[in-house]
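S.K.: Okay, here's what each chain looks like letter by letter:
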Amino acid sequence: METLFFAIITLVAVVSAILVITCKNPINSALSLILTFFCLATYYVMLDAPFMAAVQVMVYAGAIMVLIVFVIMLLNVRVDAHKKQTHKVALGCIIGLFTLINTAFLIFKSRAAMPMGPYNGSIIKQIGHTELIGKEMFTTFLLPFEITSILLLVAIIGAVILAKKKI
Amino acid sequence: MTADPVDIALFAAKLGAVFFAVLTLAAYLVFAERRILAWIQDRKGPNRVGPFGLLQPLADVIKLLTKEDLVPAAADRWLFYLAPAMAAIPALLIFSVIPFGAPLTIAGHTLPLLIADLNVGLLFFLALSSIAVYGVAIGGWASNSKYSLLGGIRGLAQLISYELSMGLALVPVVMMSRSFSMTDIVTAQQSMPFIVYQPLAFIIFLISITAECRRIPFDLPEAEGELVAGFHTEYSGMRFGLFFVGEYINIIVLGGLAATFFLGGWHGPLLPPVIWFSIKTLAFAFLMIWLRGTLPRLRYDQLMHLGWKILTPLALFNILVTAWLLFLTS
Amino acid sequence: MDMITIPAVNLTPILPEIILSVLAMALLLINVFVQSSKKTYLSYISFIGVVGTAVLVGSGWGTHIESFSGAVVQDNFATFFKMIFLLAAGLAILIADQYMEREDCNHGELYPLILFTVVGMMLMAAGTDLMTIFLGLEVMSVSLYVLAGFNRANTKSNEAGLKYFLLGAFSTGFLLYGMALTYGATGSTRISVIATQAGQMGMSSGNILFLAGMLLILTGFCFKIAVVPFHMWTPDVYEGAPTPMTAFMSAGPKAAGFAAALRLLLIAFPTLQADWSQLLWVLAVLTMTVGNITALRQDNIKRILAYSSIAHAGYALVGMAAGNSTGTAGILFYMLSYTFMNIGAFAVIILVGKKGESNGNVQDFAGLGFKHPMLAVAMTIFLFSLSGMPPTAGFIGKFYLFSGAIQKGYIWLAVIGVLNSAASVYYYLRVMVYMYMKDPTEDFAWTKVSAPIALCLVLSVAGTMVLGIVPSIILQYAQEAIKLI
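Residue numbers (numbering that gives the first Met the number 0), protein chains in the order written: chain A, 0 to 166; chain B, 0 to 329; chain C, 0 to 484.
In short, the hints are calculated from the structure, not lab data. For clarity, every value in this text was computed on a predicted model and none was experimentally measured. Glycine included, every Cβ here is placed at the ideal spot set by N, Cα and C. Incorrect hints may have been included.
[As the list claims (entries may be wrong)] Derived list of chain B stretches under chain A, where covered just means 3 residues or more per stretch with a C-beta under 8 Å from a C-beta of chain A: (1) 115-126; (2) 139-148; (3) 154-164.
[Stated by the list, open to error] Some residues of chain A that are not near chain C, with every Cβ distance over 12 Å (derived): (4) Phe4; (5) Ala6; (6) Cys22; (7) Phe37; (8) Thr41; (9) Asp47; (10) Ile123; (11) Ile149; (12) Leu150.
Using the sequences and the accompanying hints, generate a full structural model.
M.R.: As structure tokens, then:
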């Protein structure tokens, strides 16, 4: 049951991801990307991470994609009129194919033994996923969490400097 | 996973009942709005179909269904079909996390009166409400008309701006109930609804959700004076109806949320919980209609100014104050 | 409801970062109240702040303090690199004011952004957690994107900012992907835990997750330090960005990239040394060769130095491929020397250039040796050092890098490196030929050496010469610094 569900979601995710890059109309691409994000959120739910799922939808599908759609609409980009560059496409295909074969070869011949972290599914269910994330964020990852605020400040300064009419 | 057939049957019954209730309520809200507006403006309003015009919603639906379903020649057909559904479905989904009554016990089976008791219910609501924007935006885009496009862009900008202050206004609620679960939030208000502790957050939330419903004084995406009808200018028949119903479902859902977050949910003296919840929700719906009958529309820059420069800083300030008070009292 | 106990935090290791961040924020506020004609004061304040921080960082030499439950560390390695960053920032601040005044873009936000860049770089060098390193890199990169596009009226600067941003964001994706895979393979983002896990479970190139993680992380860093074939952004960004910022970003961020890459490769991925060592061998050869050969064909002096900067990344990669103490100490030494000589060269370019980024071709240096002999001498020293001639810092740096490779047994790598150095002499010498052997076509009346630039030039010349003549005083610090790794 769960495997079947996973298979369906994966199929949708892959198809919508392909649509993102093949759609001629930018809005369709953006909508396909939103669909992909939904599929990712579904994965998080299946992995007992409801908080991540909610944040995935809220931040990516909700906030970031809204901005992208906003810009597309504001510039009123209908169908993009770029030239076809067949030789570059061919080169990309060759590199992609080579990487694919290489990766497949490595995956089949290697093993991936992984250590288990301190939190498994039952502990997450018992304490609560959101609580665990909050606790980790303010204990183990306190410094990275604080650096993020500097990063956002820098981004805001940058946006003001580069975009404001008169500074 | 093995489930008791009785449980499944109860769940299905609950689902059906909620679905029916919300849709009917939405239809009658349209009627109520027209009657109340008429009353405020000293008119009569629709009173011909059935006693007091009570069958008017039915007549409206028949009219919408039998009308010609026009698609503009230059429109993006698929998106044009998709947009009304995208506007209505997130609103309906949000209702699944709202607890509308105390858990019932029927024949030894406990039946929680909400569809899905998610432990991230509040985030689920925020996530879906940020998705609800796309209906407006895509509708405006797909019509391929300048009024629709302008309406769609306005809708996007407005919803992003107010999404922020709405989310921030809910942070104190989470801080006080210490949970994202709607059930926990309601339980935490057993003795005292949060509106008593958080009047500021409630006001910010109220203004923000009014903007989320795109109701006067925030109805710029459809401002009929300048944009004909904004994002749904080109829609006709039941597709237009779907946008319309979506808006009223939204009012009910957001009313239910306001009740859950700030007004104590289904808690209340004497009357049964479901009745209390309905009273609070309908009071919010009445407030929306009242506002529409009373207030003029904001100008666009005023709208942005209010959202970014007043509500958001206030909400942040409120979070700080709440944090300090909780820290000092703990 | 149990309360979270926040672990005891020792702020000493990130005190420099805190000071610089606070100073940057204060400058942002001060900037509002300063008239646009008096922004020079902001440069003085930030320069003093940088010097003060350098004193503080220097006083931490020889200590080893971990903090934030292992997310950041204060050790000699971090201290050495932090000094390089502060030096780059200090010199860049000295040359920024006059240039920005001339180009009419002397906005006060420049200095806070430089300081934030330094904060990001410091976190990269001091971070012992993948998260810290990544966020440090992002703080650095985002500030640099803005600095590259800082001259808003100039389309080339806009192009530089946009290009840098797009390719930088793209490369960040690689880095993050690699970190995620590494985390998946080892179950931790702490470098030390990754190392122990990899050691215990015997993870080497047979473990696809671990290997792919390392490769993608390396790719991400290769973008940042402009290694061929990830160098495409470099010439355009270096040419378009305001010249002081080009100077800064060719020295500081490159060193930061090397700092983080060294720490990761040597501590977290020693079990994969056979793999990354060979990979770096190839990358080093490619980088040196492509950088030098392309530089031969350039006329614009900023583009020449951009390609030369690619080539120098290649030289430093030689030391990284070697991965032994001589090679890695060589990188530390080389990054310091490169900071002196490259920023010095850019200072001269600023003085020779005219408003609107014009007068920046090699031909425009014609006769500089007759009109401004001191400037020409300084430029000659920098160019000699860049081409690696004794008795300058560049020579000693290359000497250690290549001898590290020879110790490791990479004789051919060293040979290719030396050949490349020889080839590079051509385009450095070309500038000197124009300075001394062509008649002046212009009077260079606009070239006025202001006090801050003079200070920068003096410091750079002194640094280049002292490191070249008595390298041991710094080299012993460099060797001390890499002992922990």
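S.K.: The structure should be examined with respect to each hint, and the outcome stated for every one.
M.R.: Hint by hint, here is what the structure shows:
1. Only residues whose C-beta sits within less than 8 Å of a C-beta in chain A count toward coverage, and the stretch 115-126 of chain B has 7 of them, enough to reach three; the restraint holds.
2. Counting residues of the stretch 139-148 of chain B whose C-beta lies closer than 8 Å to any C-beta of chain A gives 3; at least three are required, and the coverage claim holds.
3. Counting residues of the stretch 154-164 of chain B whose CB lies closer than 8 Å to any CB of chain A gives 5, so the stated coverage by that chain holds, three being the minimum.
4. Every beta carbon of chain C lies more than 12 Å from that of A/Phe4, the smallest distance being close to 23 Å; the non-interface claim holds.
5. Interface exclusion of A/Ala6 from chain C stands, the closest Cβ pair being 22 Å apart, more than 12 Å.
6. Against the 12 Å criterion, A/Cys22 stays outside the reach of chain C, whose nearest CB is about 21 Å from its own CB.
7. Listed as a non-interface residue, A/Phe37 keeps its Cβ farther than 12 Å from every Cβ of chain C; the least gap is roughly 21 Å.
8. The claim that A/Thr41 is not at the interface with chain C holds, since no C-beta of that chain comes within 12 Å of its own (minimum 19 Å).
9. Look at A/Asp47: its CB is around 17 Å from the nearest CB on chain C, clear of 12 Å, so calling it non-interface holds up.
10. For A/Ile123, the non-interface assignment is confirmed: its Cβ lies about 15 Å from the closest Cβ of chain C, beyond the 12 Å cut-off.
11. In this structure A/Ile149 is not separated from chain C by more than 12 Å, as the shortest Cβ-Cβ distance comes to only about 6 Å.
12. Distance to chain C contradicts A/Leu150 as a non-interface residue, since its nearest Cβ pair spans about 5 Å, not more than 12 Å.
In this structure, the hints that do not hold are numbers 11, 12, in rising order.
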